[in-house]
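One letter stands for each residue in the lines below.
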Amino acid sequence: MDLKQLYQDIILEHGKSPRNLGRCKDYSHEAKGYNPLCGDKVHVYLKLNNEKKVENLTFEGDGCAISLASASIMTELVKGKSSDEVKDIMNAFLNMIKNNSEIESSYLDDDQKTKLMSLSGVKQFPMRVKCATLSWHTLLSALERKKKDVNTEIID
Amino acid sequence: MDLKQLYQDIILEHGKSPRNLGRCKDYSHEAKGYNPLCGDKVHVYLKLNNEKKVENLTFEGDGCAISLASASIMTELVKGKSSDEVKDIMNAFLNMIKNNSEIESSYLDDDQKTKLMSLSGVKQFPMRVKCATLSWHTLLSALERKKKDVNTEIID
Amino acid sequence: MNINEIKSQFPIFSKKINGKQLVYLDSSNSSQKPLSVINRLNDFYKNEFSNIGRSIHSLAVNATNKFEETRVGVKNFINAKFKEEIIFTKNATEAINLVATTFGQKYIKDGDEIIITELEHHSNYVPWNFLRENKKAIIKFAPINEDGDIVISKLQELITSKTKIIAVSHLSNVTGTIVPIKEIIEIARKKNVPVLVDGCQSVPHISVDVSDLDCDFYAFSGHKVYGPTGVGILYAKKKWLEKLPPYIGGGAMISEVKKDKITYAPLPEKYEAGTMPTAEVITFNESIKFIKSIGMDNLIKHEKEITNYALEKLKKINSLKIIGNPKNKAGVIAFTLKGVHPHDIATILDEDGVAIRAGHHCCQILHERLNLTATARASIGIYNTKEDIDILCKAIENCRKVLDLK
Amino acid sequence: MNINEIKSQFPIFSKKINGKQLVYLDSSNSSQKPLSVINRLNDFYKNEFSNIGRSIHSLAVNATNKFEETRVGVKNFINAKFKEEIIFTKNATEAINLVATTFGQKYIKDGDEIIITELEHHSNYVPWNFLRENKKAIIKFAPINEDGDIVISKLQELITSKTKIIAVSHLSNVTGTIVPIKEIIEIARKKNVPVLVDGCQSVPHISVDVSDLDCDFYAFSGHKVYGPTGVGILYAKKKWLEKLPPYIGGGAMISEVKKDKITYAPLPEKYEAGTMPTAEVITFNESIKFIKSIGMDNLIKHEKEITNYALEKLKKINSLKIIGNPKNKAGVIAFTLKGVHPHDIATILDEDGVAIRAGHHCCQILHERLNLTATARASIGIYNTKEDIDILCKAIENCRKVLDLK
Ligand SMILES: Cc1ncc(COP(=O)(O)O)c(C=O)c1O
Ligand SMILES: Cc1ncc(COP(=O)(O)O)c(C=O)c1O
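Protein chains in written order, with the numbering used here: chain C, 1410 to 1565; chain X, 1410 to 1565; chain D, 279 to 684; chain L, 279 to 684.
Careful: at least some of the hints might be erroneous.
To list a few chain D residues with every Cβ distance to chain C over 10 Å, as calculated [as the list claims (entries may be wrong)]:
1. Met-279
2. Lys-353
3. Pro-523
4. Glu-534
Footprint (simulated), chain D over chain X, 3 or more residues, beta carbon under 8 Å [to be verified]:
5. 1469-1475
6. 1533-1541
Hint data in this document are derived by calculation from the structure and do not stem from the laboratory.
We put the CB at the ideal spot given by N, CA and C, even for glycine.
Excised from the complex, chain C in its bound form (with noise of 0.2 Å):
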């Protein structure tokens, strides 16, 4: 295990001072996630425009520097895009911390592609996985409209 590949410089970068934090005005949609092991939050609050794509994205949330990092750059990625194409890349991510794979999304750009691949380093760290993910389960469940809470220990 290497701490220099889960604490990449992009992540450190983003934990300590993440993007789009707070709550943004005029949002359609909001949930929260929670992960009872460790005690990590997120409240993710979205606008989806009249074209049912991403107008903002920001989140409030307390947690460690996987779990911020992760939130900070979903909000970058997510922009602009259709409720489907968040699926898409959401799933990508998924896989690629599960099953070692690259990420393949054709929504992403090389450099957006790199900024997630810098959340690899997690897949050695199995109790990390979750940190990493709850941002992204928690924005699935607003674009739902889920009522219940992202609870990490109910996603598989």
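With the hints as your guide, set chains X, D and L with the ligands onto chain C.
Coordinates of chains X, D and L with the ligands only, in the frame set by chain C:
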């Protein structure tokens, strides 16, 4: 351990044809005893006369050779004894079984002591001690007119 | 299958009992453990010990993964659909209590009916009795016949619109009856009544497929399946575990804890409060592997052979009576010997190194039904041989001699 | 006392974690096991295994005697009056649930009050919450101050004529606070309110004398006291165990079972249904012997020395904050590091072979009270050395480097 010590002839004989079996008429005291571990049951019927001495003592029971023989021998030995004398004999018996000593009671003659000593073999078979002592505890309970049934699990 | 090779995997059989070779015929009570299981436990405590779930250091990660591997192992072993349907308890008794308590809390009210059978172990009666004591539920007993078979038509007749649950053994720990549990579940299904199966005796001795059975709940104990003590298993359909309230409350089964309100964790954690029997659950996976290494079919075949041999030989013993004669019988043989109380049998057999059990075997209702207070019981495990049976029979013959009976 | 000799009794310390020597600072979660304990378990399964109580063959007699020896061992260890006052459960959580459920069933009704404290572990809150959910009981929280001490005067003020029970920790698993439990019991005694003590963290680390404390209930877990997982202990005054209804129902806890009525066994069997964690309970006696071989006074002295050394060294670390500053503190040290989340600390420390815990440690109320969501926690056991603390401190210093913080 020695089975012949446990199953002495006198035990086998009493086990096969227990004395004073059944329910005597005019009993003044009674009590039921139960060993939940193995299901042994005994029901003693006791008639105390005006001088508070055991005029008659009979029992109904369902149990192993040891428990039947012990009850049978008991009914023989305590007839004519006062309540205090019965307790003295019982203590002498319990003491013999627990502490490996002789039978020490001035209310028994040598023949009677020999009879009781025939149960000393249970010392080597700790799970069978309760079989030998159930009827005595039940008699004590009858003498004291205890309401509760005897349960070997609450006897020290 | 080489039985001597298998027997040699069990260290206890190199031990002498009263100077004699151990003939262990008390597997229905608890089975002996193979070396692979004992070694796994030993290894875990020596090299890997940590609590699970809560910590994120390497030892904890490893233990958590191993713990979940057992969950998957059990799921596959009994063919459940989801691993969250496997809940670890301390024994089968707790597993049944978990269902009786939570199901009772949510679904049972005054006058509701629970059906059990005359075969049941106390562990599948007392938990329901609590609902009778505390909620005025009614317990009905499906009768058995003299052979020790449940009279299915009578069970069917007992079902009414008030019947809330049926709780029944898969295999009797006295008569060895293999209960036609699938038939019972089909009957119950038609009337929309859930079924709990007490699988304590079945899981170690016959193939169990909970998906095929379509039962709602299935409970068993690890220690009877060549595993360590301290581990019980409850299988329950997800829909039930989701609907039912929690049972034991504490660490690990919560989601969020506030001063005014607590929310509970998702499955399976919801039902696994406090520190689990971590090492024992992890070790239980080795027990499953042990059975798999033999093959369930081989195990069944071997135990059948020994059982048949035992039945044949026992029947030849003068004044010995075998209790029950069910249509389908596994290797549990209760018997009586005329003029000899079962406790005396057990004591005398023990002198010959033969370990059997005497008493009511936690089945007082069954004994009452058959007009008995106690029986002797020889029960068979994978390690038993024909030689064991020969020694058993000789020791039984000796009983009458010791007691000076003709 | 030679600490290296003691440490060498624990096989796990010859193992490497991520190529580094293991520095185990998670004993509050669960302690490592000495070889004598591991060997006893191994021996029992190899040479002596049998279930207890029910069978009368030699193996069963031996196991039953050994099981009861542990009961006497525990009784003497915590100085209870009677061995029937010692009930074996699967963990402390079950022990507390046993009391909450049975006491609640008999004595708690709508509007009755239960007092716990802001220090409590979830296992000493959730069971009482069930009574709030199901019986409309009221839970009151005795407050703590910033130091992590319970404000006794405030606790006293909470007691009313409706207070039915007080449940309180003896030693906090976050702040290490040693609670003045005797004082609390005396206050409660005057108002005739029974007290349950959660002794999970105290039994392994300070002397416990339940007769001197005069508590009504005392719960703890074997696995934190150098024993195997799967064993919990409830001490309760006989008068309570006699009055309270049974908890788990099944084999072994009954007296007579009829179709219309069941009577329950006397103590302690009344509360020990089904097959117990036989081997683990028997082995636990070896854990008590281990502690005795060291001597409780020596243990306390050693842990105090290491704790003080750790506190001193940790305080010197830049931007590290120790949580709580109780009057009397045992070897449980929760801390935060400015700008570094506890999970990141735990992961980074683990790379250096240092096992600590991060999170809320099953104490969300306490964390909320102190305005924290998570802390890192280093907890000390008999095997920890000053060298361990040096490695811990160095690893903590490394955190800020790994995360590129000044
Ligand atoms: C203070 C305290 N109470 C209760 C518990 C619960 O103990 P267990 O998980 O062994 O049931 C713990 C440990 O986790 C604890 O530290
Ligand atoms: C049929 C049956 N049900 C339930 C039990 C209870 O199992 P445990 O004692 O492991 O809880 C047993 C074994 O004792 C059994 O044979």
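Cβ separation check - D:Pro-523 to all of chain C, threshold 10 Å:
holds, 18 Å
Three-residue Cβ test at 8 Å for the coverage of the segment 1533-1541 of chain X by chain D:
holds (count 4)
Are there three or more residues in the segment 1469-1475 of chain X whose C-beta lies within less than 8 Å of some C-beta in chain D?
Since 5 is at least three, the answer is holds.
Does D:Lys-353 sit more than 10 Å from chain C, CB to CB?
holds, 14 Å
Distal placement of D:Met-279 relative to chain C, Cβ over 10 Å:
Non-interface label stands for D:Met-279: nearest chain C Cβ at 39 Å, farther than 10 Å.
Per the stated criterion, does the least C-beta distance between D:Glu-534 and chain C lie above 10 Å, as a non-interface residue requires?
The claim is violated: D:Glu-534 sits with its nearest Cβ about 7 Å from chain C, within 10 Å.
Violation of the numbered hints given earlier is confined to hint 4; every other hint is satisfied by the structure.
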